[in-house]
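Visitor: Chains P and Z, in that order, are what the protein sequence lines are. With my numbering applied, the first sequence corresponds to residues -15 to 306, in that order. With my numbering applied, the second sequence corresponds to residues -15 to 306, in that order.
No wet-lab data here; the hints were simulated from the structure. Don't take each hint at face value.
Ranges of calculated distance between the beta carbons of each label pair, as one might list FRET restraints [as the list claims (entries may be wrong)]:
#, chain 1, residue 1, chain 2, residue 2, range
1, P, 301, Z, 78, 53 to 61 Å
2, P, 43, Z, 75, 37 to 45 Å
3, Z, 233, P, 128, 53 to 61 Å
Distance condition first, Cα-Cα at most 27 Å in a straight line; then the derived DSS-like pairs of lysine-lysine [as the list claims (entries may be wrong)]:
#, chain 1, residue 1, chain 2, residue 2
4, P, 264, Z, 151
5, Z, 45, Z, 151
6, Z, 45, Z, 79
7, P, 151, Z, 283
8, Z, 239, P, 151
9, P, 79, P, 45
10, P, 239, P, 251
11, Z, 79, P, 264
12, Z, 239, Z, 251
13, Z, 151, P, 79
14, P, 151, Z, 264
15, P, 264, P, 251
16, Z, 264, Z, 239
17, Z, 264, Z, 251
Where a beta carbon is used, it is the ideal one built from N, C-alpha and C, also for glycine.
Number of protein chains: 2
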Amino acid sequence: MSRPAIDARSFRTALGSFATGVTVITTRAADGTAVGLTANSFNSVSLEPPMVLWSLSRSAKSMPVFEQAEYFAVHVLAADQETLSTRFARSGGDKFAHLALESGIANLPLLSGCAARFQCRTSFRHDGGDHLIFVGEVLEFDSTERAPLIYHAGQYALSARKGGLGKPRSARMAGTFSEDHLGYLLSRANQQFYRPVRQQVHALGLTDEGYSLLCLLTLRHAMTPQEAMSLMGQSANAAAALLADMGDMGLIARKEGTPPRYHLTDKGWDVTLHLMAASKAREADVLNVLGEVDTFALKTLLLRLVREHGADQPDLWAEPEE
Amino acid sequence: MSRPAIDARSFRTALGSFATGVTVITTRAADGTAVGLTANSFNSVSLEPPMVLWSLSRSAKSMPVFEQAEYFAVHVLAADQETLSTRFARSGGDKFAHLALESGIANLPLLSGCAARFQCRTSFRHDGGDHLIFVGEVLEFDSTERAPLIYHAGQYALSARKGGLGKPRSARMAGTFSEDHLGYLLSRANQQFYRPVRQQVHALGLTDEGYSLLCLLTLRHAMTPQEAMSLMGQSANAAAALLADMGDMGLIARKEGTPPRYHLTDKGWDVTLHLMAASKAREADVLNVLGEVDTFALKTLLLRLVREHGADQPDLWAEPEE
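Whole structure, please, built from the sequences with the hints as guidance.
Guide: Printed below as a string of C-alpha cells:
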C-alpha cells in the first residue's frame, strides 16, 4: 500500500512537541582534537549495565570521529547554559575556545557547570535511518540539582514542578477573585515576602516608601527630586516630603546644584545594606521552600512579566541621564 | 581496568536530570487486545525516512506483544494528561477502560487530546542492554500546540519559555539588589499589575487598604473587627479607623452583635465587582503578553510560593470560624 510522502516540515514540528533536555556530546579525535556537538536525541536505555543513547546524522561533519571513538561524554545542560548549547550547535570553528575543560576517561573533554555528565564507552552503533544510534555504557557520571535547560517547539524553555499542589480555590461569588487570580497572587506573594523586612523597616522608623527610596539610591547614586517623583510614581509634594524626612533622619544628603541631587550618606548606606541583607535572607528562605528549579523558573517568569508588561513604566536599572 | 560498580539509585537520579516529555505507546496484541504503556524514552531519530525510537525493558510484561507487533503508536502527552500517564504507567488491569479510542493503521488504539501522535511500523529492534530499542518508521502523525507534560527529576513538570529574555542586570554595588532579586521582582510586578486598578481605587476615594478590605469581604461575608485586623495585618486602631471610614462611605454596614460584624452593602458590592473587573482585565492583558503556557506556569509557581512559604500567615480562603 503506498502512502503519501510525509511533509518534512510538519514532521519536525510534530517531533518538537516532545520536550527534551539539551546535551552536548564530546569526544577526542584520533589526533587528540576535542570534538563536540549539541544533541537533544539523548535518552536513557539500560540500567544493568548502565547505558544511554543518542543519535547523529550520518552526514554530520563529526560522524567520522564519533564512528571511530571508543569513548564519549554526554553533558546534560543546566538552564543557564543556553550559550553553550548555541555554541556547540553551530558548525565549524573551535567550539572549545576559551572554555575551561576538565579531563575525563581517556582524556575526554569535560565541560563544567552542567546538570549531569555521563562518561561512556561506545557499546553499539545501530542503524537509525539517516542517523546512527550510539549506545554507550556509562563508566562514570556525576550530577547536581541544577535546573535543566529544556528544548520544546523550537525554543529554549525551563521546567516548573507541577505535582503536589492542590487545586486553586474558586471564587465564592460570580465576578469575584478565585485563589489563582494573578492580581491576588502577586499582591499576596509580595506581602508575604516583604513582611519580615517590613518589620525591620518600621522598627527603624522608616516608611515603605522610604525603604523604596533607599533601594533606588543604590542604583542611581544621585537623584534629583524630579527623578525621585517619577521613579517612585509619587506626586511632587509627596516626593519632596519624603526627601526632607529622609534627610532629617541623616540617611540621605542634598548636594546643591541646578537641580539639587540627593545621595545616600554613610549611615544611609549602612541602613540600606542591612535591610537588603534581610531581603536576601528572605530570598534564601524561598529557595529552600521551592527548590532551585522552581525558584529559577519563578524569577524568570516574573522578570519576563516585569519587562514585557511594564514597558510603559520607568526602567529603574537604566543608566541615569546626565 | 576495573571500575567501581555504578550505584543504581544515583544513576537513576542523574538520568532524571535530563527532562523529557511523556509518551504513551500503544499497540494491538495478536488476539486484538489493546496494549499500552507510559514511556519517556522516546526520541526522534531519522528524517528520511521519518523514524522515531523508544526503548522497553526486556522484562516488561508487554515485551512479548511489542516484540511481535508490526505497528505501534506513540502519543506525546499534553500538560493536562497527567492522569493518562499515571494510568498507563501502572502494571496490569485494563488500562483502556472507559477511554474513547480512535482507530489507526492496522486498528492501532489511538488516544485523544495529545500534543502529538505518531503511527509507526517497526523497522528495527536493537540491543540496548537490559532494554530493547524499538525504531519505527512514521507512517502517519498529527500534532497540536498544546502545552506538553514534562517529566524531570522524578516529578511531573510544566515548561516555561526561556528565550528572548536578556540577562538580569547586576547589582551596582556589592550587597545591593540585582534585577533578579525576588523581593524586587515581586514588588515591581505587583506594582505594575495593580497600577491601573489603583487609579480607579483612588478615583473612588478609596485607599489601597480599603480595596483589600472590600476584596476580603467577598470571601468572608461578615467579618468581626478582630478578623479584619488579623487578616489585614493591621493594628486594632488602624483596622477600626478603616472600618469606620468604609462605613461612612456607605460601602460596608455594621450588624450589631457580640462581636459586631461588618458586611458589604449593595453599593459596596457594586464598587468591588467593578474594581475586580478592572483587575481581571489586567490579567487578560498579561495572558496576551506572556501567552497561555507561561501565564499558567507563573500562576502555578506563585500559588506554590503563597501556599508553601506563607503557612505562618492567615489563610484568606479558609472557611470563617463561627
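Visitor: Determine for every hint whether it applies to the structure shown.
Guide: Quick rundown of the hints versus the structure:
For residue 301(P) and residue 78(Z), the Cβ-Cβ distance of about 58 Å falls inside the hinted range of 53 to 61 Å, so the restraint holds. The given range of 37 to 45 Å is respected by residue 43(P) and residue 75(Z), whose C-beta atoms sit roughly 42 Å from each other. Between residue 233(Z) and residue 128(P) the C-beta distance comes to about 56 Å, which sits within the given range of 53 to 61 Å. In summary, the hint linking residue 264(P) to residue 151(Z) is supported, as the alpha carbons are separated by about 19 Å, within the 27 Å threshold.
Between the alpha carbons of residue 45(Z) and residue 151(Z) the distance comes to roughly 49 Å, so the proposed pair goes past 27 Å and is violated. For the hint linking residue 45(Z) to residue 79(Z), the alpha-carbon distance of about 14 Å falls within 27 Å, and the restraint holds. Distance check on the hinted pair: residue 151(P) and residue 283(Z) sit about 12 Å apart at the alpha-carbon level, within 27 Å; holds. Under the criterion of a C-alpha separation no larger than 27 Å, the hint pairing residue 239(Z) with residue 151(P) is inconsistent with the structure, at around 34 Å.
The straight-line distance between the Cα atoms of residue 79(P) and residue 45(P) is roughly 13 Å, inside the 27 Å bound, and the hint therefore holds. A hinted pair counts as satisfied when its Cα atoms are at most 27 Å apart, and residue 239(P) with residue 251(P) qualifies at roughly 16 Å. The straight-line distance between the Cα atoms of residue 79(Z) and residue 264(P) is roughly 49 Å, outside the 27 Å bound, and the hint therefore fails. A distance of roughly 16 Å separates the Cα atoms of residue 239(Z) and residue 251(Z); the hinted pair therefore holds under the 27 Å criterion.
Between residue 151(Z) and residue 79(P) the CA atoms are separated by roughly 22 Å; this keeps the pair inside 27 Å, and the hint holds. Taking the CA atoms of residue 151(P) and residue 264(Z), the gap is about 19 Å. The hint holds against a cut of 27 Å. For the suggested pair residue 264(P) and residue 251(P), the alpha carbons sit about 20 Å apart, so the restraint of at most 27 Å is met. As the CA atoms of residue 264(Z) and residue 239(Z) are separated by approximately 31 Å, the hinted pair breaks the 27 Å bound.
At roughly 20 Å between alpha-carbon atoms, residue 264(Z) and residue 251(Z) fall within 27 Å of each other, so this suggested pair holds.
Checked against the numbered hints given earlier, this structure breaks hints 5, 8, 11 and 16; the rest are met.
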